[in-house]
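There are 2 protein chains.
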Amino acid sequence: MTRIVDLSNPELQALRRQTRAEYDAFRGRGLRLDMTRGKPAPDQLDLANEMLALPGNRDYFAEAGDDARNYGVLQGLPEARALFAPMLGAPAEQIFVADNSSLAVMHDCIVWALLKGVPGGASAWGSTMVQQTAPAFICPVPGYDRHFALCEEYRIRMLPVALTGQGPDMDAVEALVADPSVKAMWCVPKYSNPTGEVYSAETVRRLTAMRTGAADFRLFWDNAYAVHHLTGQQREIPSILDACAAAGNPDRAFVFGSTSKITLAGAGLAFFASSPANLAWFMARAFKRTIGSDKLNQLRHVRFLHDQAGLMRHMDRHRALLAPKFRAVEAALDQRLAGTGAATWARPEGGYFISLDAVPGTAKAVVALARDAGLALTAAGSTWPNGHDPHDSNLRLAPTFPSLADVTAASEAIALCILLAAIEQQTAARGETG
Amino acid sequence: MTRIVDLSNPELQALRRQTRAEYDAFRGRGLRLDMTRGKPAPDQLDLANEMLALPGNRDYFAEAGDDARNYGVLQGLPEARALFAPMLGAPAEQIFVADNSSLAVMHDCIVWALLKGVPGGASAWGSTMVQQTAPAFICPVPGYDRHFALCEEYRIRMLPVALTGQGPDMDAVEALVADPSVKAMWCVPKYSNPTGEVYSAETVRRLTAMRTGAADFRLFWDNAYAVHHLTGQQREIPSILDACAAAGNPDRAFVFGSTSKITLAGAGLAFFASSPANLAWFMARAFKRTIGSDKLNQLRHVRFLHDQAGLMRHMDRHRALLAPKFRAVEAALDQRLAGTGAATWARPEGGYFISLDAVPGTAKAVVALARDAGLALTAAGSTWPNGHDPHDSNLRLAPTFPSLADVTAASEAIALCILLAAIEQQTAARGETG
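In the order they appear, the protein sequences are chains Y and X. Following my numbering, the numbering of the first sequence begins with 5 at its first residue and continues without gaps. Following my numbering, the numbering of the second sequence begins with 5 at its first residue and continues without gaps.
It is possible that part of the hints are untrue.
Same chains, same label: a pair holds when it works inside one copy or across any pair of copies.
[To be verified] No farther apart than 27 Å at their CA atoms in a straight line, the calculated lysine-lysine pairs in the DSS-like style are these:
hint	residue 1	residue 2
1	K120	K368
2	K120	K292
3	K368	K292
Bear in mind the hints are in silico, worked out from the structure with no lab data behind them.
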C-alpha cells in the first residue's frame with residue numbers, strides 16, 4: 005500500500021469510497037464482537053478443570069502437617085511458595101501467598117504506604133498530602149488502566165514516561181525520581197501491558213541503581229506475565245530482587261504476581277515477594293487484616309501443577325491456544341495497514357495484549373467506528389493516566405477471550421476502522437469534504 | 005464452698021496448701037493444652053470434607069450462566085448471596101461476597117473510611133487526624149482483640165463501654181456518640197466475643213435511633229455468630245439494617261459475617277451487607293481493588309449447603325460437637341469455684357467463647373500459673389483495647405479446638421489456677437506469707 009499522506013486527492017477519495025463500502029458491509033453483518041478485556045477464553049480455563057475437584061476429599065494436610073482447612077499459616081503454605089518461587093524470582097521464604105487478586109495486593113501496599121509508611125521512610129506517604137504535595141508514581145505509558153485507577157482513587161499524582169521498546173525512557177525516569185515526593189513507579193517488566201515489550205537488562209540495572217530523592221522509593225514490579233510466552237523463545241529478565249540487592253538498594257522492589265492467567269482467572273493465587281524487611285512489613289500489616297489466605301486453594305494449585313516443570317507444561321498449552329489469535333490480529337493488520345502509515349503496532353512475544361498506535365487524533369474515532377459496527381474495543385485513552393491519551397492515538401487490543409474466528413473477524417474490522425479514520429482525517433486535513 | 009474472703013486465717017491457709025498441692029500435681033502431669041484461640045476442631049472441619057472435591061469437574065456455571073472460573077461478577081454470585089441472606093438479615097441485593105475473611109472486610113472499610121470517607125460524611129475520617137483529633141470507635145468490653153488491633157494499627161482512639169448482659173451500657177454509648185469525632189462502634193451483637201451475650205431488642209433500638217454528633221457514624225456490626233447456637237433454643241435479634249431504616253438512619257450499619265466457623269475456617273466466604281448507598285460505596289472501592297472474589301468457592305458453598313435449611317442442619321452438627329465442650333468447662337468451674345467468690349463466668353447460649361472474670365488483680369497471675377502448668381490461655385488484657393484490662397480480671401476461654409478430654413482437663417486446671425490466684429491474693433491482703 006501507498007502511504008495515505010502520499011496519495012493524490014483522487015486516489016484518496018477512491019480509497020475512501022472503497023473503505024467506506026467495506027466498512028458498511030462489515031457493519032451490515034450485525035456481528036457482536038468484544039476485544040476489550042484481557043480475559044482467558046473458556047478453552048484456556050478448561051485446561052485447569054481438574055482443579056474443580058481438587059484437593060479432593062480427605063486431602064487437606066500440608067507437607068509440614070498443617071491442616072489447610074483451618075486458620076493459620078499467614079505467609080502461605082511452603083510448598084505453594086516453593087512452586088512459584090522461580091516465576092517470582094524470589095526465594096520461597098520471601099514470598100507471601102494472598103487471595104485471588106494481585107491487584108488487591110498492590111492496593112493494600114498503597115493504602116498501607118499511605119497510612120503507615122514503608123521501611124526506610126520517615127513518614128507515611130499520605131502525610132505529605134497535608135503539605136499540599138501528594139505523593140507521585142511514575143507511570144510508563146501506555147500502561148495498565150487498573151494501575152492508574154488505583155492512583156486516581158487515592159489522589160496519587162501520575163507522571164507519565166514514554167516506553168521505548170526496552171522499557172521506560174530511563175533518562176526521564178532518573179530525572180523524575182530526584183524529586184522526593186516521587187515515591188514509586190509502576191512497572192510491568194515482561195510482556196508489558198499493553199505494549200508487550202520486555203525491559204532490557206540495562207533498563208533493570210538503571211532502575212535498581214538510580215539515585216532517588218525519596219529514601220523509601222519503591223518499584224511496584226507487577227510481573228503479571230512472567231511465564232506467559234507466545235513464542236517458543238522464552239524471554240527472561242533478571243530477578244529484580246537480586247538486582248536491587250546487588251545495587252545496594254535491597255528494599256526497592258515490591259514484586260507482584262498471580263496465577264489468574266495460569267490456572268483460573270477468578271480463583272487463582274496472588275503473590276507478594278520482596279526483601280526480608282519489606283516482607284516483614286507486609287506480613288505485619290496483613291496479619292492485622294486477616295488470619296490467613298485460603299490454603300486449600302494453595303494446596304489445589306500444588307496438587308494440580310506439581311512443580312516448575314508442570315507449570316511450564318501448562319503454559320505451553322495456553323500458548324498453543326493463544327498464539328494463533330495473536331497471529332490472526334497481526335495478519336489482518338499487516339494485510340490492510342502495512343505501508344499505509346495509518347498505524348504502527350507491537351508484535352508481542354508474550355502477554356495478553358497488542359498495543360497499536362493509530363494516526364494521532366484518530367483513536368477515539370476508531371473506537372466509535374468499531375462500536376457502530378458491533379465491535380467493542382477498550383476505550384481510547386484507557387492506557388493513559390486519568391484515561392486521557394494526549395495524542396489520541398493508542399489502542400489496546402485484547403484477543404484472548406473471543407474465539408479464533410471472532411478474533412479474525414474483529415481484527416479485519418479494526419484494521420478497516422483504523423484505515424477509515426486515517427483517511428477521514430487526511431481528507432479533512434486537505435480541506436475537502438466527501 | 006465458703007467464700008474465700010469469709011474464711012478464717014487457718015481455713016485460708018489449709019485451702020492454700022491443698023490447692024497448691026493439687027496445682028503441683030496437675031503441673032506434674034506435664035500436659036500441653038491450648039485454650040487460646042477460637043478455632044474449629046478437626047471434627048468440625050470434617051463435617052465439610054465433601055467440599056474438598058466441590059464444585060466438581062465440569063461444574064462451573066452459575067445460575068445466571070456466568071462462568072465461575074473466569075473474572076467478573078464483582079458482587080458475588082446471586083445464589084451465594086441468596087443462601088446467606090437470612091443469616092445476614094439483608095436482601096441478597098444488598099450483600100457483597102468477599103474472600104475468606106470478614107476481618108479483612110472490616111479492615112478495608114476502615115482504611116477506605118480513613119482515606120475516602122463514607123456516605124454522608126463531609127470528609128475522610130483520616131482528615132481529622134491532621135487537626136490532632138483522631139477518629140474514635142466505641143469499644144464494648146470485654147471485646148474481640150482483633151477489632152481492637154485494627155484500631156491500634158490505624159491510630160483510631162478506642163473508648164471502652166461496659167457490657168451489661170443485654171449489650172453495651174446504652175446510657176454511656178449515647179453520651180459518647182454526641183462527640184462528632186466518635187465515628188463508629190464495634191458490635192458483636194449475638195453470642196458476643198467473648199461474653200456470649202445477645203444484644204436485647206431495646207439495645208438494638210437505641211443503637212439505631214440514638215443521635216450521633218457525626219453525620220457519618222457507623223455501627224461495625226460483626227454478626228460473626230449469627231447461626232452458631234449452643235442450645236436448642238436459638239436466640240434471634242432484629243435485622244440491624246431493617247431497624248436502622250425504621251429509625252430513619254438507613255446508612256448507619258455495616259454488617260459483617262463469614263462462614264469461617266460454618267464450613268472451613270481458612271477457606272470460607274466473608275460478607276459485607278448494608279444499605280444500598282453503603283453497598284454502592286463499598287462496591288466502588290472494592291472494584292478498584294479487585295476484579296472479583298473467588299466465585300468457585302461461592303459455588304462450592306452453594307453446592308454443599310444448598311439452602312437455609314441445609315445451613316441450619318449443618319450448624320446442628322457443629323452444636324452436637326461443641327455443646328459438650330462448653331458444658332465441660334462450666335462443670336469444672338462450677339465444681340471448683342461455685343460459692344468461692346473467685347470468679348464469675350458466662351454460660352453462653354452460642355458463639356465460641358466463655359468469658360470469665362477472676363478476682364480483680366489476678367488475671368495475669370492466673371495466665372502465668374496456667375502457663376507454668378502447660379496450659380496456654382489467651383493473654384490477660386487481650387479482651388480490652390491496647391491489651392490493657394484496668395481491672396486485670398477478664399479471661400477469655402476458647403474451648404472449641406481441643407478434644408473434649410483436653411477441654412475437661414484444661415478446665416479443671418483453669419479453675420485451680422483461678423482459685424489459687426484468689427487465695428494468694430487474699431493471703432497477701434491479710435499481710436501473711438506462706
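query = Which hints from the list above does the structure break, by number from lowest to highest?
reply = 1
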